[in-house]
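I would like the entire structure built from these sequences, with the hints used as guidance.
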Amino acid sequence: MHIKKLEDTLDDLYETDGIEACILYRIDGIPIAVRASNDSSILNIMFWLEKQISHVLRNMNKEVLTATTFEFKNNQVIITPSSRSTVLVTIIDPEAHQQLISIEIARAKSLINQCVS
Amino acid sequence: MIYLDERIVTGIYGLDNLLGGGFRKNTINIINGGIGVGKTTFGLQYLLYGLNRGEKGLFVSFEMTEKQILRDCKQLGFDEIEDHIKKGNLKIIHLFGEDLIFPSLDFIEMIRESLSEDEHHRILIDPFTHYSMFLNEEKRKSLSTIFQNLREHSTTVITLEEVKVKEPNNGLVTPLYLADTVLHLHYLGFGEFFDRTIRVVKHRGSKHGDGLYPYKIESGLGIVVIASEHDIEKVTPTKEFDKQFKLAIERSKHMDKIGKILAKRFELLRNNWSHKESPEHILKMILDSENK
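Chains as they are written, first to last, in the working numbering: chain A, 8 to 124; chain B, 827 to 1118.
It should be emphasised that the hints constitute simulated quantities derived from the structure, not laboratory data. Some clues are possibly wrong.
[Claimed, not checked] Under the rule of at most 27 Å between Cα atoms (straight-line distance), these lysine-lysine pairs were calculated in the DSSO-like manner:
1) K893(B) with K1028(B)
2) K1090(B) with K1060(B)
3) K1072(B) with K1060(B)
4) K1072(B) with K12(A)
5) K900(B) with K917(B)
6) K1069(B) with K1079(B)
7) K1086(B) with K1118(B)
8) K1069(B) with K1028(B)
9) K1090(B) with K1102(B)
10) K1042(B) with K11(A)
11) K1060(B) with K11(A)
12) K11(A) with K1102(B)
13) K1083(B) with K11(A)
14) K1110(B) with K1060(B)
15) K1060(B) with K1083(B)
16) K893(B) with K912(B)
17) K1042(B) with K1079(B)
18) K58(A) with K1028(B)
19) K1072(B) with K58(A)
20) K1033(B) with K1086(B)
21) K1102(B) with K1072(B)
22) K80(A) with K58(A)
23) K1060(B) with K1042(B)
24) K1065(B) with K11(A)
25) K12(A) with K1118(B)
26) K1060(B) with K967(B)
27) K12(A) with K1060(B)
28) K851(B) with K1028(B)
29) K1086(B) with K1069(B)
30) K1110(B) with K1083(B)
In this text, all values refer to a predicted model and were calculated from it rather than measured experimentally.
Quick look at the structure:
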């Protein structure tokens, strides 16, 4: 079932070392599925994201970007469109293994695309 | 008599689990959304679920005539509606919104006359959009009275078309705050899984799912909401922490005046606790602060 596969994909991604949260948003900024701790810094980023998603996506589309990274004080936020109507946001520890994380994000993105398209 | 804790099954496949069992009896439930999201289908499904189980229904249509309703129902596979009309279980009132700009109490009288005494009814008002627009303070008060009257006789589903307000003071108001439940249906139009989604915006006095749930409109079934096991688990009460609750209830009983009230509240919390985390920390914090 699509929804189960989607949930499992996010669960797997969230278990990757250095990933502090992963959120699947609809392109209008409404969260579809969230895997995150109750840490206040993560919640603050999520509030920020909800207002920014559609604006960031518009600009990414204009500039033909496949991913965008935002640097916060203690976190890095990677925004990756995962289908025509969804976007995967991953919040990571900046000291984490970047290469491993980017491979995991790419894998998750492809699975999400299969589930929702 | 109004019974607030009884539930009325919505008839929408997959939705009741997310609403704590359904709509609360004798409430006003608004289905809000843009054009083509399935508001009327939702309403028809709600009516038919009850009618097929021997309940009575009333459809106040501000748009479609009885003939159009029958035609649309047949296309959806809801053929049995014709029988319910013939047998008098379902009554249809067709009105023009333009004729009822001021929400007069005659409207309530008209509904009251169509209902049989002392019997709970499922009422569908579709769409209420024109009626609820351009309301000033006085007229809104009248709308509140209408809602209160409807609550006495029925559990009502009202569909409202989403109105984009350009200027906050131009009088275009959707009175969502007057309803007990507000469900928002959205259609994105990208042809993907999350194209059609439903959100529980408000479900007064009840636990409910707080996510964004995809749904489909299927022939013969109508609206089918697709929530994951994880989503349902999040709103299903668990007995896993009963021991902690019993301990807190026992402790509260030894407190003075507030003890009895607190024990009752803990009992309610225990019956509704659906979190994976233990309530130990919260219970201790409450006991400490109430004991001051």
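Each hint, compared with the structure:
Distance check on the hinted pair: K893(B) and K1028(B) sit about 34 Å apart at the alpha-carbon level, beyond 27 Å; violated. Between the alpha carbons of K1090(B) and K1060(B) the distance comes to roughly 23 Å, so the proposed pair stays at or under 27 Å and holds. A distance of roughly 22 Å separates the Cα atoms of K1072(B) and K1060(B); the hinted pair therefore holds under the 27 Å criterion. Under the criterion of a C-alpha separation no larger than 27 Å, the hint pairing K1072(B) with K12(A) is inconsistent with the structure, at around 38 Å.
Straight-line distance between C-alpha atoms of K900(B) and K917(B) comes to about 17 Å, which keeps the hinted pair within the 27 Å bound. Only pairs whose Cα atoms come within 27 Å are accepted, and K1069(B) paired with K1079(B) is accepted, the gap being roughly 16 Å. Between K1086(B) and K1118(B) the CA atoms are separated by roughly 16 Å; this keeps the pair inside 27 Å, and the hint holds. A threshold of 27 Å between alpha carbons decides the hint, and for K1069(B) with K1028(B) the separation of about 31 Å lies outside it, so the pair is violated.
A distance of roughly 22 Å separates the Cα atoms of K1090(B) and K1102(B); the hinted pair therefore holds under the 27 Å criterion. The straight-line distance between the Cα atoms of K1042(B) and K11(A) is roughly 17 Å, inside the 27 Å bound, and the hint therefore holds. Proposed proximity of K1060(B) and K11(A) is supported: the alpha carbons are some 15 Å apart, at most 27 Å. Taking the CA atoms of K11(A) and K1102(B), the gap is about 19 Å. The hint holds against a cut of 27 Å.
Pair hint K1083(B) plus K11(A) does not hold up; C-alpha atoms about 49 Å apart against a cutoff of 27 Å. For the hint linking K1110(B) to K1060(B), the alpha-carbon distance of about 23 Å falls within 27 Å, and the restraint holds. Restraint check for K1060(B) and K1083(B): the C-alpha separation of about 34 Å exceeds 27 Å, so the hint is violated. Between K893(B) and K912(B), the direct Cα distance comes to roughly 13 Å. Compliance with the 27 Å bound is thereby established for this hinted pair.
Between K1042(B) and K1079(B) the CA atoms are separated by roughly 50 Å; this puts the pair beyond 27 Å, and the hint is violated. Proximity of K58(A) to K1028(B) is assessed by CA-CA distance (about 21 Å); at most 27 Å being required, the pair is judged to hold. Between K1072(B) and K58(A) the CA atoms are separated by roughly 43 Å; this puts the pair beyond 27 Å, and the hint is violated. For a cut-off of 27 Å, the pair hint linking K1033(B) to K1086(B) stands: about 24 Å separates their Cα positions.
Restraint check for K1102(B) and K1072(B): satisfied, since their Cα atoms lie roughly 18 Å apart, inside the 27 Å limit. Between the alpha carbons of K80(A) and K58(A) the distance comes to roughly 19 Å, so the proposed pair stays at or under 27 Å and holds. Restraint check for K1060(B) and K1042(B): the C-alpha separation of about 22 Å stays at or below 27 Å, so the hint holds. Straight-line distance between C-alpha atoms of K1065(B) and K11(A) comes to about 25 Å, which keeps the hinted pair within the 27 Å bound.
Note on K12(A) and K1118(B): the hinted pairing is violated, with a Cα-Cα distance of about 49 Å set against a maximum of 27 Å. In summary, the hint linking K1060(B) to K967(B) is not supported, as the alpha carbons are separated by about 37 Å, beyond the 27 Å threshold. In summary, the hint linking K12(A) to K1060(B) is supported, as the alpha carbons are separated by about 18 Å, within the 27 Å threshold. A distance of roughly 16 Å separates the Cα atoms of K851(B) and K1028(B); the hinted pair therefore holds under the 27 Å criterion.
Distance restraint check for K1086(B) and K1069(B): the Cα-Cα separation of roughly 19 Å lies within the 27 Å cut-off, and the hinted pair is therefore satisfied. Of the pairs offered as hints, the one joining K1110(B) and K1083(B) holds, with about 18 Å between alpha carbons and a cut-off of 27 Å not exceeded.
The structure shown violates the earlier hints numbered 1, 4, 8, 13, 15, 17, 19, 25, 26.
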